[in-house]
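Two chains, two frames, some hints: make the complex.
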Amino acid sequence: RKEVEQDPGPFNVPEGATVAFNCTYSNSASQSFFWYRQDCRKEPKLLMSVYSSGNEDGRFTAQLNRASQYISLLIRDSKLSDSATYLCVGLSGGSYIPTFGRGTSLIVHP
Amino acid sequence: EAQVTQNPRYLITVTGKKLTVTCSQNMNHEYMSWYRQDPGLGLRQIYYSMNVEVTDKGDVPEGYKVSRKEKRNFPLILESPSPNQTSLYFCASSRSALSSPLHFGNGTRLTVT
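From first to last, the protein sequence lines stand for chains C and H.
So the first sequence is numbered by my numbering: it starts at 1 and just counts up by one.
So the second sequence is numbered by my numbering: it starts at 1001 and just counts up by one.
No lab work stands behind these hints: they were computed from the structure.
It cannot be assumed that every hint is accurate.
What the hints assert, rightly or not - For the chain C half of the interface with chain H, some residues (derived, Cβ under 8 Å), not all of them:
| no. | residue |
| --- | --- |
| 1 | Ser26 |
| 2 | Ser32 |
| 3 | Arg37 |
| 4 | Cys40 |
| 5 | Leu46 |
| 6 | Gln63 |
| 7 | Arg66 |
| 8 | Ala67 |
| 9 | Leu91 |
| 10 | Tyr96 |
| 11 | Ile97 |
Remember, predicted model here, so these are calculated numbers, not experimental data.
For glycine and all other residues, C-beta sits at the position ideal for the given N, C-alpha and C.
Extracted from the complex, chain H is given alone in its bound form (with noise of 0.2 Å):
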């Protein structure tokens, strides 16, 4: 089955600590990208990829880090959590940037105390 697959799907944490949140899609798509989601703002895009190695800024990326090892992998790092940083977070991918949709993965709930 095609699919974006996101870990954890709820993860607690405290001020510092750093994290990771896990992307995996299997649709060999070359794009991938990172989303908040938060109340009255809509969807931001943090991050995305363009194809293995190739990362770049989306609308928020302060706080955030990613890398881009393997085409299959798109790993959001949180090195040191605020407050500010407990959001709902969705990785998608697609075959194109400029004209395919979005598969989004089912969603990470992070909260930061």
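Chain C extracted, bound-state conformation (with noise of 0.2 Å):
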């Protein structure tokens, strides 16, 4: 059972581009999605919430499509700092454990 899915990457770009990652739910039930930021052997750490209607916080824009079951984080202007891995979390309303996505792996290179 994997509710979640993400590519897991390597996605390798250069300093400057424009990437964007999408995730996958299987559950209809998801109520609330996250994007976090894991760097490696670290805790992962919160980058945004997802609203239905889409968010952005400077660079990083997050985007829900309900109807098709997937939500998506754009990193614009890419920074070696964003090197990285990226983490979609969905939280059921019939469910008390959050499901999370395995991850995507970012190399901003120079």
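This is the structure in structure tokens:
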């Protein structure tokens, strides 16, 4: 049972590029979604929540498409410091167990 | 500073020797949970707690115990560790299980030989 799927990558992009990740979910009861960033061997840290209307935080834009059951993360003007693994997480109204994707690896090179 | 604190950061032990990993949060969160992270498998929930004295199994509870005697603390207990419990462990808390993001501790890397 894997309810949240992500392309593991790695996505290898040059500085300044725009990169997009998608995350699909199978549980239509999923209510809340988040994107986390995880650096190697460190704890996941909240990057942003995902709202139905879409939301933007600086270079980062998150969107939710309930009809097609996916969420997306767009990173504009990539920086070397954006290199990390990006995890999507879904919370379902029927479960107290968050469902994590396995993460997408991003490598930004000079 | 709002945080989730886990101890120890690194632990090497032998099979069968009971151990406890502590977790404490200072944000008055009701929901706390434990995860293990293994290469290729991602984060998997071990146990969670909705409030004091309320705990329940996650996806991979076998070989683990937890307790929630106080709101701020949620220790993870391995009564008889085995090598397949070698992993990176994270404790996390949130204000609401169904709608709030998780705040993670900085992890405990456990090796069982």
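Against the structure, the hints:
A least Cβ separation of about 15 Å between Ser26(C) and chain H goes past the 8 Å threshold, and the interface hint is therefore violated. Interface restraint check: Ser32(C) against chain H, minimum CB-CB distance 5 Å, threshold 8 Å, status holds. The beta carbon of Arg37(C) is not positioned within 8 Å of any beta carbon in chain H (closest approach about 11 Å), and the interface hint is therefore violated. With its C-beta approaching chain H no nearer than about 11 Å, Cys40(C) sits outside the 8 Å limit, and its interface hint is violated.
The interface hint given for Leu46(C) holds, since its Cβ lies 5 Å from the closest Cβ of chain H, which is under the 8 Å cut-off. Checking Gln63(C) against chain H: minimum C-beta separation of about 17 Å lies over 8 Å; hint violated. Look at Arg66(C): its Cβ only gets to about 16 Å from chain H, farther than 8 Å, so that hint breaks. For Ala67(C), the interface hint is violated, the least distance from its beta-carbon to any beta-carbon of chain H being 21 Å, above 8 Å.
Hint status for Leu91(C): holds, given a least beta-carbon distance of 6 Å to chain H, under 8 Å. Among the interface hints, the one on Tyr96(C) holds; its C-beta lies about 4 Å from the nearest C-beta in chain H, closer than the 8 Å criterion. For Ile97(C), the shortest C-beta to C-beta distance to chain H is roughly 5 Å, which falls under 8 Å, so the interface hint holds.
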